[in-house]
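Student: Below are the chains, spelled out letter by letter.
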Amino acid sequence: MTVRLLAVMVLAAVCCGGCGDRGADAPRTVAMAFEDALVSADGAAACGLLAPDTVKELEQSSGSACAEAVLEQGLPAAKAAEGAEAYGSMAQVRFAEDTVFLAELDDGWRVLAAGCTPAAARFDCTLQGG
Amino acid sequence: MRVNVRKHGLGLFFGLIFLAALVGQGFAGWHQFNNDQVADGLAAISLGNYLTSASFAADVAENWQSEYLQFLLYIVATIWLVQVGSPESKELDEVGLESDEKQKVGAYADAGSPRWAVVGGLRTTVFSWSLTLVMGLIFVISWFAQSFAGWASFNETRLERLQDPITWGSYVLNADFWSRTLQNWQSEFLAVGSMVVLSIYLRQRGSPESKPVGEAHTRTAVEG
Numbered sequence: 001m002t003v004r005l006l007a008v009m010v011l012a013a014v015c016c017g018g019c020g021d022r023g024a025d026a027p028r029t030v031a032m033a034f035e036d037a038l039v040s041a042d043g044a045a046a047c048g049l050l051a052p053d054t055v056k057e058l059e060q061s062s063g064s065a066c067a068e069a070v071l072e073q074g075l076p077a078a079k080a081a082e083g084a085e086a087y088g089s090m091a092q093v094r095f096a097e098d099t100v101f102l103a104e105l106d107d108g109w110r111v112l113a114a115g116c117t118p119a120a121a122r123f124d125c126t127l128q129g130g
Numbered sequence: 001m002r003v004n005v006r007k008h009g010l011g012l013f014f015g016l017i018f019l020a021a022l023v024g025q026g027f028a029g030w031h032q033f034n035n036d037q038v039a040d041g042l043a044a045i046s047l048g049n050y051l052t053s054a055s056f057a058a059d060v061a062e063n064w065q066s067e068y069l070q071f072l073l074y075i076v077a078t079i080w081l082v083q084v085g086s087p088e089s090k091e092l093d094e095v096g097l098e099s100d101e102k103q104k105v106g107a108y109a110d111a112g113s114p115r116w117a118v119v120g121g122l123r124t125t126v127f128s129w130s131l132t133l134v135m136g137l138i139f140v141i142s143w144f145a146q147s148f149a150g151w152a153s154f155n156e157t158r159l160e161r162l163q164d165p166i167t168w169g170s171y172v173l174n175a176d177f178w179s180r181t182l183q184n185w186q187s188e189f190l191a192v193g194s195m196v197v198l199s200i201y202l203r204q205r206g207s208p209e210s211k212p213v214g215e216a217h218t219r220t221a222v223e224g
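Chains as they are written, first to last, in the numbering used here: chain A, 1 to 130; chain B, 1 to 224.
FYI, nobody ran anything at the bench for these hints, they're computed from the structure. Yeah, the Cβ is synthetic: ideal placement off N, Cα and C, and Gly gets one too. Some clues are possibly wrong.
Label-pair restraints from in silico Cβ distances [stated by the list, open to error]:
#1 B:9 x A:25: 43 to 53 Å
#2 B:168 x A:60: 23 to 33 Å
#3 A:63 x B:164: 26 to 36 Å
Assemble the whole structure, with the sequences as input and the hints as a guide.
Tutor: As structure tokens, then:
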């Protein structure tokens, strides 16, 4: 009985830690700050919230600095988030005008892709990492 | 409380190798997870975060549910199904739940019988099925845990691929859930079936899971 009890306790522990949508307040806040930076045309602030791979891809494809290039992408500057979901180290925040994908990195949640619209197999994003 | 190790060697042995294997799985899975994270340009996570992640929970639960299902089916199937020549089967004429006398229930209980076997009524019925009930309960809990953890892990992968997450209801109908489930089930069913059939013709001297070495292949329900 002791072994069975131990098994149930371990299972409960791993289940409680790992199950389901883990709460998306933190990535939602970062996504909203990113959209606010776009609304106020603050390229430096927007770039500070991007994942390093996304910054690298943007600078390589545009040939200019991130702070300048991010404002030239024609990204929709959204206002209120309509929904957010986070699973593990990934999250999606949905706005009426935009869908943003985020990843949890060493220094917190960062925008991986933005300006995303649904396509057949996956979202088609104006801005995304390589 | 002093435990007599020799008397409880079998339980202690499996308890210890279970914990050792779980710790090993935790470390190996953590390294594998972080390798994938770095390859995808994402941050490595701590061991503590990995051990509470959906990925680890799904890997643990999917194996647990299949093991408990295996023993659950074995316990229940051997009530009504027999296999001539197998020490895993009971005698061919003992199919079914058997008499109260043979099961030492109620009036046929002896001095050492558990109280719930003696008292009759609901308690004796519950106790008569308690092994199946507990194994079944752990199976169901493990399978649900697999579905929730697998769902979260599957959605994490979908988000990495810039796809919409799906609902839990969609996940339990998804090929990923059934692939994880059935790949475990088939191996468990094969192992049990092999044990039933191979033990007709093969022996392991000294093991109660085998017939005595010199026992005839045709003898059923004889353990060494």
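Student: Give a verdict on every hint.
Tutor: Now the hints, each set against the structure:
Judged by the Cβ atoms, the range 43 to 53 Å given for residue 9 (chain B) and residue 25 (chain A) holds: they are separated by roughly 51 Å. Restraint check, residue 168 (chain B) to residue 60 (chain A): a C-beta distance of roughly 39 Å breaks the suggested window 23 to 33 Å. For the hinted restraint 26 to 36 Å between residue 63 (chain A) and residue 164 (chain B), the CB-CB distance of approximately 33 Å keeps it satisfied.
Figure legend: structure checked against the earlier numbered hints; the only hint not met is number 2.
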